[in-house]
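Q: What follows is each chain in one-letter form.
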Amino acid sequence: MAKVPVQFTLNGSETAEFIDSGSTLLHALRDKIGDTSPKGGCHQGTCGACSVIIDGELRLSCLTLAENCNGTAITTTSGLSEGGVLHPLQRAFLDAFASQCGFCTPGMIMAAKVLLDHTPNPSRDEVVQALSGNICRCTGYEPIIQAVLLAARANSQNAA
Amino acid sequence: MELRKNYFADVRKDDLHEIGQDRPRSDSPGHVTGKTSFFADRNFPGMLHLKMVRSPHHHARIRSIDTSEAEKHPGVARVLTAKDVPHNVYTILILIQVGPEDETVLADGKVRFKGEAVVAVLADTERAAQEAAAKVKVDYEVLPAVFDMEEALKPGAPLVNEYHGQNYYLYDSGECRKVRFGDVEAGFAEADHILEQSYQSSPIEHAPTETTGCVVAPAGNDRFTCYTNTQAMFFTLDNTSIILQMPGSKLHFVGGTVGGGFGGKVDVIVEPIAILGAKLTGRPVSFIYSREEEMQISSPRAAEKVVIKDGVMKDGRIVARKVTGYTDAGAYSRHSPYGAQKGAGHYPGPYTIPNVWIDTYCVYTNRTPSSAMRGFGVTIGDFALEVQMDKLARLIGMDPLEFRFINAYRDGDMKAHRQPTEGAALIECMQEASRAADWPVAEKYMAMSSYAKGA
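In order, the protein sequences belong to chains H and U. Using my numbering, the letters of the first sequence correspond one by one to residues 1 to 160. Using my numbering, the letters of the second sequence correspond one by one to residues 1 to 455.
Just so you know, the hints here were simulated from the structure itself, not pulled from any lab data. Certain hints may be false.
As a list, the in silico SDA-like pairs of lysine to any residue whose alpha-carbon atoms are at most 25 Å apart [claimed, not checked]:
1. Lys35(U) to Asp31(H)
2. Lys32(H) to Lys35(U)
3. Lys305(U) to Arg410(U)
4. Lys35(U) to Leu116(H)
5. Lys83(U) to Glu101(U)
All values reported here derive from a predicted model rather than from experimental measurement.
So that you can see chain U by itself, here it is in the shape it has in the complex (with noise of 0.2 Å):
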């Protein structure tokens, strides 16, 4: 398929010669002679297997954990709980300012989620770890748990996280994230027609074929170097100095090769034990989730609902929208308020909409944490808003692609949440879409210009 590239020809004048060339990937050679190395190919003597003592309650209360009987297993060099982590209650995104500390690396005291990580076993093999994790005794009184988020929002709900004490992320705006643009009140009242349609999605997995995980080996002089697939660096390298309590100089990471991530890899969960344990142990640790444990354990895609009412005149206009969207960030918080929030920005999508009213919460529930993954926070907004897209071109009679060239931005209109609109393509992409698709559109589009409002 051939795409015209003439679009903006008066506009760009740089030389974009790389464009449209083959150039090979500079890791493709190793990826290809297997000798690229992951961080699971680290293999250093006397190396530790972590093995993880996961809660099988979905919301419990901790009355008493008993290691002894793991502790005495042979080839066990060392079992931790919560009282060894120095920092044990953390938060991702405290490294911008976004609290309250929400999380436990080892539960201590209540589990919120079910696998939540609560006791961690070091032994020279694996086996030996799962072994002696299977001999942690953690007596749990089991507490009504709440998977819906309306449920969870219902007064007299089980509160899921005492961090936040309520099931929603306190925004400084509130109970949610808001974006008021004009008059959505009279905008509904001006509309010919009026649609309210409700959207869900479920979470979903990454499933990174090479599941999350790091090697660490102590350097002999208070310094560890921890091998990890992690996708965020300086995120986890930031975190981990706060959990552990040990300055960054003392932390050497090792990276930037990773197994597919797809957003999934960017949470802090696996690298502040492991070195724990180095640091503990003196001796090498490796902490590879299992395949079960990267598909019931690891942070998905967030569950969404969202609540789109629209007013639409006959003539293709939308004149009103109003989107009350819902995140489920499951036990814990860490990247989803940010997600609700991107949410809140994207509900008016590509359009220019003189009447916006938006709301986005950020709920917790007894789900697995969710988290980062492509474009979180906006996809499961854009699978909404296209398909009311259709439907409301549908009830008005009129082409989808055409009522969408009427409703488009273009360079200069005012964005619902008060950034100006600049650089838009989406008139120039619709027209070659047009084109490539044979869907035909009337002359009138194909004339339009994102940068020239009268034309």
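Chain H extracted, bound-state conformation (with noise of 0.2 Å):
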């Protein structure tokens, strides 16, 4: 099969590939980057575990195509923490206790990023319809929203 060339940055690295043509983001930034964050629940968009940012937009990596991102700046969750000091979204899914298997996590807090980062005093309905496309099936969802709110209030301390 022809193999075409992507080239993006991806959590602020330069990162080239040769990928078969057609194939999803998801698969070439688990199956030939190495990037394992984003993961795959239905690789038909509805669950939401494959989320990425792509230049600053919340997308579906497993409905991307790979060879449309060229030129792309894309964020993963494996790239928030910066140098060993967790992202405000880890430090708050982790401290209320927001992740239970931790399989829908990743793109959960990447729904999340998207949310604060445009509106960081979200209300409780702003969060909900934000996390509206991940599926969790551990948690009830309450402590996910919770964590959203926490790492909300906590930038918002840190900004005043």
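With the hints in hand, could you dock these two chains into one complex?
A: Below, the structure is given as structure tokens:
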């Protein structure tokens, strides 16, 4: 099968890879580049476990063609902590017991990050809306909602 | 909501200093940084992808299987059928002597539910495996199917599973698990009221966000490392050892990280065939259920039917209970004979009833095999029992919570399945629930205790 080159910035690092034409960004990230933080839960755009951030927007990597990502800047959950210090959202998910089996967690954190980047002090309803594309089968969602609100409070205190 | 914690303060002398403290989970840092390693995060050079050819019929005889076109498909490394599996007919609970072996790893001569595995295709890419699987030709003779438990138990119903010879699991006690305690007919004769109700449930899928699967890597020394999300590591290892006729020392299972299980990952389904593929090709193998397979093929909680007949006195005492329970195992046993047996012990509920009669049947139908899920065997029963309790209370015009105090089991009471009650806490839980929910009950119930009968 014909291989095509893709090149983008992944968590701040220049990244290039040859992939099968037509393969998804999820496949390229996990199986070619080795960033396994996005998860494949349904491969049909319904569970949100594969969520990543492309040029500031939340995207489902299982429905995104890798070759369409040339020249973009991609963020995944594995790239959030800096210098061993957890991102406020990661800290909040940990402190609020928002993660049980952990499979939906990277996608949840991506969705929450895009929300807080655009809306630093969201209402509970805005959090629920922002997470509505991500399925969790363990927590019942409430600890996740609380974690996002906790991270927003922590951010605003740091900013003050 | 603050709950009182001084119940049993007179007996518990333990220094429980960890209870009530926040302690970080050891796995959380890995989860929030995306570093936790799930089985599908393992990737090996030259890895093959396994796709299953599945039965489109609920019940059919297999006349012939033609894999020749699939084998020629570009990228295909190997195609497996029943004859490739060393010990193809197995059952999970054989490890604890619960037989007979009644299920095939790959169908041999017959399929008994829609989606049953017939042929395994191993190829360089998922796409090639999928395309080749579509080229396998299976000639089926469709047979009449049965989907309803009561229909399946009628004379002349289609026989689902020849390894049993009848459409129910044959216990050592006969066609069902039986509990006999006191004289149930005498209890009904004495009762002021009798209420008979029937409760039914549908199968329930666990729908874990991570689908069932495994990744197998040959270790190069005739040993195989299997990365799996099984919830039953040693059950899986031992059953794989039987199915592949390989000593356990050749099998290295790595797991413990499960992306949601809820009981849905305790069957032994993906590992044996993936390890066999790795053994026969010498290459790593990945076998991961698609979302569709997870929803349609993986074992759900069994459908159940529970018929409860109770005799109750005007003063609130239940004096007789007769229960007939049906558990829909689907086409194969898996854990269902055990689930139905649990129900037999459980149907009196946490209540002391002097006259009890229970029959529970584990029934075979042409539905997806059911298995474990969070309290399987008792969860649906509890729904039925507690709805029944509310109906009984209404029937005699009594408060439903006070009605439960009157019948609650207490230490020393003999249960219907001949286990004496010990460590009961139902009275105390209900007292606290009464307070927390602001659902007051008469003072005499608030003065009761699980250990002192007279109090």
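Q: Please go over all the hints and tell whether each is borne out by the structure.
A: Taking the hints in turn, this is what the structure says about them:
no., hint, result
1, Lys35(U) to Asp31(H), "15 Å, holds"
2, Lys32(H) to Lys35(U), "17 Å, holds"
3, Lys305(U) to Arg410(U), "29 Å, violated"
4, Lys35(U) to Leu116(H), "23 Å, holds"
5, Lys83(U) to Glu101(U), "17 Å, holds"
In the structure shown, a violation is registered for the earlier hint numbered 3 alone.
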